[in-house]
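*Asks:* Now for the letters of each chain:
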Amino acid sequence: MRDLTLAMRHRSDVLTTVFFFIIVVSLFPLGVGPEAQLLKEMAAGVVWVAALLASMLSLTRLFADDYHDGTLEQLLLVPQPLSLIVLGKVLAHWIISGLPLVLMSPLLGLQFGLEGDALIMLMLTLLLGTPVLSLVGSIGAALTLGLRGGGVLVSLLVLPLYIPVLIFGAGAVAANAAGMGAEGHLSLMGAILLLALVLAPWASAAALRISVE
Amino acid sequence: MDKGLLEIRELECVRGDRQLFSDLSFSLEAGTLLHVHGPNGSGKTTLLRAIAGLVLQESGEILWNGESSGKEKDEFNRELLYLGHHYGLKFELSGYENLKVFANLSGSDISEHEVEAALQRFGLAHCVELPVKVLSQGQKRRVALARLLLQSSKLWILDEPFVALDVAAVELLLEVIKTHVANGGMVILTTHQEVAVEVGSVQHLRLGQ
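So the protein sequences, as listed, match chains A and B. If you count the first sequence from 1, position 109 lands on 109 in this note's numbering, and the numbers rise without skipping. If you count the second sequence from 1, position 68 lands on 68 in this note's numbering, and the numbers rise without skipping.
Isolated chain A, as found in the complex (with noise of 0.2 Å):
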């Protein structure tokens, strides 16, 4: 909860990583040209990789104000298990930064000339798969805590881990176009979420006890 009302008076930052993702998807159909076809084919995985990028640049600022003011520390000495509050840390992180892109989403694949269907089915991936990318991430963040350079590092540590995520997502709008069921791709995307959710939050706990030392 103090997380967003901390988003309300920084509302610029919110709005970066939302601008950023429209404004990516949007240069596509400008760079590749008007091919009705080829955009339709591209379009999710358009997407889904604006997504990563823009679910990446608000990353190293997860934990680093906490850091850097010292409220962290604190977090760390409040009588409550350590993984809850980076739970309810991650959460505020997706609310901000995962479900504008799951919202707008719909709108951006309309450039794309998807349909109905499709566009359905490509926010239903981003539901399922933006929570996983705050949760992956934030073990990232937290590891890469009060190191230089830390906005790298991060993103080297954490993209390769965001790449199932990526696959079966933008696979899921594929299957989907192509006719076959997405059944499958989805609830591999669902079984990605509850492992991240399980195991993520403890993660990044421990590593973020390692770094505040």
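Just so you know, nobody snuck in bad clues.
EDC-like mimics (lysine to aspartate or glutamate), calculated; alpha carbons at most 16 Å apart, straight line:
1) B:Lys100 with B:Glu129
2) B:Lys73 with A:Glu73
3) B:Lys100 with B:Glu114
4) B:Lys73 with B:Glu61
5) B:Lys71 with B:Glu61
6) B:Lys133 with A:Asp69
7) B:Lys133 with A:Asp65
8) A:Lys40 with A:Asp117
9) B:Lys140 with A:Asp69
10) B:Lys140 with B:Glu160
11) B:Lys140 with B:Glu129
12) B:Lys100 with B:Glu112
Everything labelled a hint here was simulated from the structure, so no lab data went into it.
Since the structure of chain A is already known, use the hints to place chain B on it.
*Replies:* Leaving out everything else, chain B in the frame of chain A:
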């Protein structure tokens, strides 16, 4: 408050390649204040952070009521209030909001009135609603210190609490510390200032000698 007892056994802390202190043992009973002395870089802050559980010690034990503080973390943290060099405040939030957040996180249920009273005591009545970032250094420190009045922690660990405070605030803080110790609390503090910390029973620990 029930009895509290902090025991440090053969504590050794290392930063990088340098050994700050080793074989450090002492115990602290309810109603005492421990004043840690030492030149810059002698490991005062590290000792305080190690006791708080923010830094892992190389060897040795920190016992709270006979139990290792690392194992009984929640239990220990409930009794602990650590104020370090950083204020631990969110600069975008007001003093009131900051204190409320801490109270919620530590699970204590305090009323709006109590928070305001604590800020008032530290002479911040007129800036309850202002974001902390517009306050001066001394005022920020006062907001952080107002937590002392709001949490019923037994053990206070204060790292240079007098920095940036004016004479009146130093007096006030001493007053607050005295009351806490008199009520059976424990305080561990460091300071370079010549502040006469004369309360109940004072122990002195000198590092770097």
